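Chains as they are written, first to last, in my numbering: chain A, 1 to 406; chain B, 1 to 406.
Mixed in with the good hints, there may be bad ones.
Copies of the same chain look alike in the list, so a pair counts if it fits in one copy or across any two.
Mimicking EDC-like on lysine to aspartate or glutamate, the simulated pairs with C-alpha atoms at most 16 Å apart in a straight line are [said to hold, decoys possible]:
1) 256 - 163
2) 37 - 66
3) 141 - 163
4) 257 - 130
5) 314 - 403
6) 358 - 84
7) 336 - 84
The set of hints was computed from the structure by calculation and includes no laboratory data. All values reported here derive from a predicted model rather than from experimental measurement.
2 protein chains.
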Amino acid sequence: MKITKDGITSPKGFLAAGEHIGIKKIKKDLAIIYSEKPALCSAVFTKNVVKAAPLKLAMKVLNETDYIQAIAINSGNANACTGEQGYLDAVDSSRLLAKCLNLKENEVLVSSTGVIGQLLNREKLFKGIEEVSKKLSKEEKSADDCANAIMTTDTFKKQITVEIEIEGIPVKISGIAKGSGMIHPNMATMLGFLTTDVNITKEMLDIAFKSNIDDSFNMITVDGETSTNDTCLILANGEADNPIIDKQDENFEKFKKGVEYVTKFLAKKIVEDGEGATKFLEVNLKGAYSKSDAKILCKAILNSQLVKTAFFGKDANWGRVLSAMGASGVIFNPDKTKISFSSNTGEIDLYENGAPYKFDEDYALKILEEREIKINVTLQEGKEEITGWGCDLSYEYVRINAEYRT
Amino acid sequence: MKITKDGITSPKGFLAAGEHIGIKKIKKDLAIIYSEKPALCSAVFTKNVVKAAPLKLAMKVLNETDYIQAIAINSGNANACTGEQGYLDAVDSSRLLAKCLNLKENEVLVSSTGVIGQLLNREKLFKGIEEVSKKLSKEEKSADDCANAIMTTDTFKKQITVEIEIEGIPVKISGIAKGSGMIHPNMATMLGFLTTDVNITKEMLDIAFKSNIDDSFNMITVDGETSTNDTCLILANGEADNPIIDKQDENFEKFKKGVEYVTKFLAKKIVEDGEGATKFLEVNLKGAYSKSDAKILCKAILNSQLVKTAFFGKDANWGRVLSAMGASGVIFNPDKTKISFSSNTGEIDLYENGAPYKFDEDYALKILEEREIKINVTLQEGKEEITGWGCDLSYEYVRINAEYRT
Numbered sequence: 001m002k003i004t005k006d007g008i009t010s011p012k013g014f015l016a017a018g019e020h021i022g023i024k025k026i027k028k029d030l031a032i033i034y035s036e037k038p039a040l041c042s043a044v045f046t047k048n049v050v051k052a053a054p055l056k057l058a059m060k061v062l063n064e065t066d067y068i069q070a071i072a073i074n075s076g077n078a079n080a081c082t083g084e085q086g087y088l089d090a091v092d093s094s095r096l097l098a099k100c101l102n103l104k105e106n107e108v109l110v111s112s113t114g115v116i117g118q119l120l121n122r123e124k125l126f127k128g129i130e131e132v133s134k135k136l137s138k139e140e141k142s143a144d145d146c147a148n149a150i151m152t153t154d155t156f157k158k159q160i161t162v163e164i165e166i167e168g169i170p171v172k173i174s175g176i177a178k179g180s181g182m183i184h185p186n187m188a189t190m191l192g193f194l195t196t197d198v199n200i201t202k203e204m205l206d207i208a209f210k211s212n213i214d215d216s217f218n219m220i221t222v223d224g225e226t227s228t229n230d231t232c233l234i235l236a237n238g239e240a241d242n243p244i245i246d247k248q249d250e251n252f253e254k255f256k257k258g259v260e261y262v263t264k265f266l267a268k269k270i271v272e273d274g275e276g277a278t279k280f281l282e283v284n285l286k287g288a289y290s291k292s293d294a295k296i297l298c299k300a301i302l303n304s305q306l307v308k309t310a311f312f313g314k315d316a317n318w319g320r321v322l323s324a325m326g327a328s329g330v331i332f333n334p335d336k337t338k339i340s341f342s343s344n345t346g347e348i349d350l351y352e353n354g355a356p357y358k359f360d361e362d363y364a365l366k367i368l369e370e371r372e373i374k375i376n377v378t379l380q381e382g383k384e385e386i387t388g389w390g391c392d393l394s395y396e397y398v399r400i401n402a403e404y405r406t
Numbered sequence: 001m002k003i004t005k006d007g008i009t010s011p012k013g014f015l016a017a018g019e020h021i022g023i024k025k026i027k028k029d030l031a032i033i034y035s036e037k038p039a040l041c042s043a044v045f046t047k048n049v050v051k052a053a054p055l056k057l058a059m060k061v062l063n064e065t066d067y068i069q070a071i072a073i074n075s076g077n078a079n080a081c082t083g084e085q086g087y088l089d090a091v092d093s094s095r096l097l098a099k100c101l102n103l104k105e106n107e108v109l110v111s112s113t114g115v116i117g118q119l120l121n122r123e124k125l126f127k128g129i130e131e132v133s134k135k136l137s138k139e140e141k142s143a144d145d146c147a148n149a150i151m152t153t154d155t156f157k158k159q160i161t162v163e164i165e166i167e168g169i170p171v172k173i174s175g176i177a178k179g180s181g182m183i184h185p186n187m188a189t190m191l192g193f194l195t196t197d198v199n200i201t202k203e204m205l206d207i208a209f210k211s212n213i214d215d216s217f218n219m220i221t222v223d224g225e226t227s228t229n230d231t232c233l234i235l236a237n238g239e240a241d242n243p244i245i246d247k248q249d250e251n252f253e254k255f256k257k258g259v260e261y262v263t264k265f266l267a268k269k270i271v272e273d274g275e276g277a278t279k280f281l282e283v284n285l286k287g288a289y290s291k292s293d294a295k296i297l298c299k300a301i302l303n304s305q306l307v308k309t310a311f312f313g314k315d316a317n318w319g320r321v322l323s324a325m326g327a328s329g330v331i332f333n334p335d336k337t338k339i340s341f342s343s344n345t346g347e348i349d350l351y352e353n354g355a356p357y358k359f360d361e362d363y364a365l366k367i368l369e370e371r372e373i374k375i376n377v378t379l380q381e382g383k384e385e386i387t388g389w390g391c392d393l394s395y396e397y398v399r400i401n402a403e404y405r406t
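Please take these sequences and the hints and turn them into a complete structure.
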């Protein structure tokens, strides 16, 4: 597997563009992804009961067709909680996008991210769609522009390309994603778009893509908030011309691993760029009774305000980790639980057999001064394990979110 | 019902004391509450799977007896996650307290609050128990000292006394409590102690006390963290000599209302003094399908980091309220939901029938500049309603909890 920083125009037959059209003040705010040929689309959406207008429309479209050729994504306004007018805005911009690209209405999708509860500026959006759809290109700069244009409070673009070989034929999978607040995905992250030129059936694409989401995007959290706009999808246009993947064989596994690399990479990048984050936290939890228990415990740790602030303060306050687990609703024996913290500097045992270790606070501080920290928890309840990612809670998170709309 | 700021020595037959014994650097850190006669004790404890040593001991003692005459509470160290040695420390300090007050071992309780995962300093604690048990008095200053000595990051003491009449005989109910982080009680708040001279049976005391907890302490949240040490209990020594309350009659209702006043007052005071809080938030949620749905939705709003930071920023970001509700797991129709914010300055409608109201941002800001703000949510799912209390999330919360152990 070859890994590069190339963007989503890297697989054959994909074009992209990203520009500033005036929804946000200065930064790029409209992206378009385009496949020269109809591409199979597999998608997952938020489980939040409150779903943004473009998601409602996308779910309707994908109920009618398996093939999508273009997606327009605006940032700066989520078009969520916007009632009938919001839905109409999504439908109308979708129609316009289709028209500009000589496609049918059900061959395109629209997607939005940004502030909730405000109507889109139709004039700016429509003018933008017309302009940006003329700028589609295969160039790396266009892919970069596209990755930049979907960002909101993100501080850097998240994009990656992996190349695998199917029967000697090169196949590429690329992905872009955006965070970086309201991140506690439930079926998908805020926004993630993957392109691939693999030749595959819809059924196999669904399995490879959706089975990856649970262990990647669904295992990250920045602030425990599941967005109204979470969307993650993959477009597969078959242009690599590999022998079609139509069963779960070796070729399927290769492709699935490629997708997994992309989804986990993007998921971790979202957390790394979590709003105000100064620490990247990885929880490795072992010995849980069930996979479900493991996930609940892992997320309870990563979502705990007290755990997060402790890491911001470089404080080896393992008691907060145990307390967060204890309050999660999962039954486990705290007296048979082991906790250690580690980083590139080393590892320090903190708690085992119901009692704390005496530890060297100076050494602990050295470990916690690193940016990337692992929280290692071992239970004696069963054999299930899980890894999840999160970040600390800083002054900067509070500032960003206190001032978000103003 | 007469309401005063008097402390827990106000009911007949109760003494108290509070001193600095060296667990904390400067502030008072050991409190003792004493009843001259054996007092019926009703208690609730945290549902966190991880329970502190003094809670394990208290649960054992209260399994053996209904009567308690003294409680020693130390602040500064929670004696949680401290293994066998921690339990031994609780047992030994309990024995010493009994000895100092000429009581039996199962007539006293100990309670702890503070940092998790560190062993108590036995020497300081034992010397402290001996000294403070000599200072018990009925004086208001002693009651104040007691209320002060149970505090950790609290910025003011929480105490109240109500006086009711049972068949013409005055009965008093007093209470003290401490917050102010790790507050998301599940069966009780961090620490709350009530004293009353009412004459009542154990069964009626249990009903009156425990039925009040669900709508008071269990409806507040500061940071969504359920503590390992949550404890709330009431001592009833019968010294008022009222005709005994032994059934759910008019006298019982009077007493229950008195207890309710005390528990709700203390619960709200804890939130008002929430770590770093600049806003006191009250959620009034109506029209839920079930009481359980109402509670989950109410707490989802109050625990949302994005809702909390928005109020810190005085931002009428109602979309975050709806999104937090949507992510709670409760099924409801967002298109039939109404949201308004209000304060002493006025009320502003924000969202109804699936779409936002256009509102005057300046007027909204005026409303949100008040310290006490109401979030009013009306669903059309059923007839259940609930009120809950919380606070905003500020820089100060992050600072306090990043620096807690150091």
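Hints the structure fails to honour: Hint check: 3 and 4 fail, others pass.
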